[in-house]
Amino acid sequence: MSGYKGTFEARETGRIARFKDALKSYSYVIVTFVVWLVVGTIIRVSYRKALKEGRPFYVDCLPFGRKKE
Amino acid sequence: MRAKNPPPAIYCHAYAKPPRPGNDINGLGETNKRRASKVAPDDFTVREYEWKDIWDFFFLNSSWSTFSSLILGMVESRHARGATASNQVSVQDPGSMAKQLKEKARELGADLVGITEVKDDLLLYEGDEPHSYKYAISLGFEQDRNIMENAPQVEAGDEVVRIYRKGSRIANKVATHIRSLGWPAEAFGFGRDILMMPSAIRAGLGELGKHGSLISKEYGSNFRLTLVLTDLPLAIDTSADIGVEDVCLTCQACTKNCPADAIADEKQMVRGVEKWYVDYDKCVWYFTMTNGCSICIEVCPWSEPGRGVKLSELMLAKREKNKAITS
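The listed protein sequences derive, respectively, from chains Z and E. Just so you know, the working numbering puts 3 at position 3 of the first sequence, and the rest follows in order with no gaps. Just so you know, the working numbering puts 264 at position 264 of the second sequence, and the rest follows in order with no gaps.
Calculated directly from the structure, the hints in this document are not laboratory data. Just so you know, even glycine gets a beta-carbon here, dropped at the ideal spot from N, CA and C. There could be a bad hint or two in this list.
As the list claims (entries may be wrong) - Straight-line alpha carbon distances no greater than 30 Å define the calculated DSS-like cross-link-like pairs of lysine-lysine that follow:
{"no.": "1", "chain 1": "E", "residue 1": "Lys52", "chain 2": "Z", "residue 2": "Lys24"}
{"no.": "2", "chain 1": "E", "residue 1": "Lys119", "chain 2": "E", "residue 2": "Lys102"}
{"no.": "3", "chain 1": "E", "residue 1": "Lys323", "chain 2": "Z", "residue 2": "Lys24"}
{"no.": "4", "chain 1": "E", "residue 1": "Lys38", "chain 2": "E", "residue 2": "Lys173"}
{"no.": "5", "chain 1": "E", "residue 1": "Lys52", "chain 2": "Z", "residue 2": "Lys49"}
{"no.": "6", "chain 1": "E", "residue 1": "Lys119", "chain 2": "E", "residue 2": "Lys134"}
{"no.": "7", "chain 1": "Z", "residue 1": "Lys52", "chain 2": "E", "residue 2": "Lys4"}
{"no.": "8", "chain 1": "Z", "residue 1": "Lys20", "chain 2": "E", "residue 2": "Lys119"}
As the list claims (entries may be wrong) - Which chain Z residues face chain E? A few, computed with CB under 8 Å, are given here:
{"no.": "9", "residue": "Trp36"}
{"no.": "10", "residue": "Tyr58"}
{"no.": "11", "residue": "Asp60"}
{"no.": "12", "residue": "Cys61"}
Claimed, not checked - Stretch-level coverage of chain Z by chain E, calculated; a stretch enters the list once three of its residues show a Cβ under 8 Å from a Cβ in chain E:
{"no.": "13", "stretch": "17-27"}
{"no.": "14", "stretch": "40-53"}
Next comes chain E alone, as it looks inside the complex (with noise of 0.2 Å):
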């Protein structure tokens, strides 16, 4: 898929006084291992970031489908705690007990479900406060590929921030589902600052892709994550290895798609772990101008809808095959 009718990266909006670069603060070309600091606001009621005023024009620029999505999203995350039933359902088995919690998240919409072991250093920011629950669910929604193939035109926007918002509504119920069970839990969904990603990639939801994103099998880069925490006794799962490392060290789709130019070819030094990354300074100044882009995603050969558990299979077998070769 190729970008349909992409505006050239030609800006008129601007800062007066440009903050920090975010690339300073993501940790670009740092070497010391720290957590990820704030650049972009989860929740948009908190005014500290040193972006938020390109923030505050994006939402108030926005459709109004987006800005309602975002809006109520916010207000539907009063639900994501509450108060736990005072019969805790007894677990013997965290094996069945996963199995069950799983076919609960999909039954209430949720597409892809993960869990882990919560570790403060993958869900928190600089200077947040240490969670003590013990298991991170991730969720994973897809998004509609009819409309996200229009990317980066309007209505793309308002997809992803609508999938935002049907993923926090059923994060909520997974919470509550959980706590009706007796065991703390507590849903991340719209307007909660936590990092969502590290978790989903311990949780075998999909690996780290060029374009700064998650590529699952499933739906490739077309999904959007939230997050429950709880202490409810749960078996984990194991990362996930589909070959997305082996099609994104020579796939150039999504680098040579992005209008701002904003994603390199090779992984980069941030914060003292080589990684795929994206220039913020570059990509922001894009995705504020067209209600969030999303080019690179839907670009990207896994996103192509049925392509990725075949391009999973291929990649596999074509390592083990230079496996055995080489040995």
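In isolation and in its complexed conformation, chain Z is listed as follows (with noise of 0.2 Å):
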């Protein structure tokens, strides 16, 4: 066996574990897409301005990319 347990994996067997495991997978697909449309869609909006403008866009600042003060 690993070592290495992955975030989805299952750690029970039976149908509810398996049905509940499977909630909880998609759920996370659905709470990543909110994610990604909102945070996502700042960050792409923020980017391209930075680009627009010639000043940088810091990745360690997101989602809006400006230094904090």
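Fit the two chains together into the complex; they arrive one by one in their own frames, and the hints show the way.
As structure tokens, this is what we get:
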């Protein structure tokens, strides 16, 4: 066996456990989609704005890419 | 092939507080042997990497096609492990079992299959728990060349992630098949931290090229890897010598076409081994600006469809001829 445990791996067996695992996994997909849509859109818009204005976009200052004062 | 309209290596994105250089983390210039350290994440839910921020930016800034393949691939990784059948198939002939398994993997969709013994030094990053499996099955999956020759355009990046996801699904199926034979098996694809290339090299899938990627006779560098670890007794393959070194020593296709100037013409000392090495600190900015670049692997002469086999024959014949002349 490997010591590695993936984030989405089922920890138990059985029908209910499989259902819970599937629910957890697909909830993650939905939440991540919302994050990509909302936070990703802010990042994409802010990045394009920075490109247009010729100033740096700081990847460790997401989502707006501006230095925290 | 030449890169189609690559944007110049001028970057707007940057770090306000830069992390430790990626080349230092990778061990560039180090003369003592050690395992690789993680620089870029494979499991994107883990937050310990020094360069995590630029990869968050990369994935959240990526197209929906890239991002959705990534997330769905990670979720599908829940099938990477599972229950092993209670009736264990007895293996009298590991050679025959290896042949059957390779046929099964190809039937499931793998384009390249190779088997080697598990050695933790090949698979694990520094600090990882050791594996107890005995064999590593490397699987290779061809990318659509018609899409990839558009690198570094967005659709090329989408194709890379799509193939990684396809590879993960097929690795899961191969592992499931092995478990149905009563032997433990675990798939390593999307979102699972493991080194894939060293095992693939030992399993004979190809050789390391100057651009830091594997080169196979069949697909050049135009393919991606996944891995299955198992205890199923299997005959192992030998590493390949297809003439990659003979070409890379003089070819400069990747070196000259890299807009970030990240590929050196000579081998470098990396963690105690002299090898081809791509400058992480130069590559990462261009990679994250262009949805995954891939210029180097597509301009590689080995990646031209149908050329690899002929190139290999030519290089090996030339080497034999030179050997005969000098001896």
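A quick look at each hint next to the structure:
no.	hint	in the structure
1	E/Lys52 x Z/Lys24	24 Å, holds
2	E/Lys119 x E/Lys102	21 Å, holds
3	E/Lys323 x Z/Lys24	61 Å, violated
4	E/Lys38 x E/Lys173	27 Å, holds
5	E/Lys52 x Z/Lys49	23 Å, holds
6	E/Lys119 x E/Lys134	8 Å, holds
7	Z/Lys52 x E/Lys4	23 Å, holds
8	Z/Lys20 x E/Lys119	35 Å, violated
9	Trp36	5 Å, holds
10	Tyr58	4 Å, holds
11	Asp60	4 Å, holds
12	Cys61	6 Å, holds
13	17-27	holds (count 3)
14	40-53	holds (count 6)
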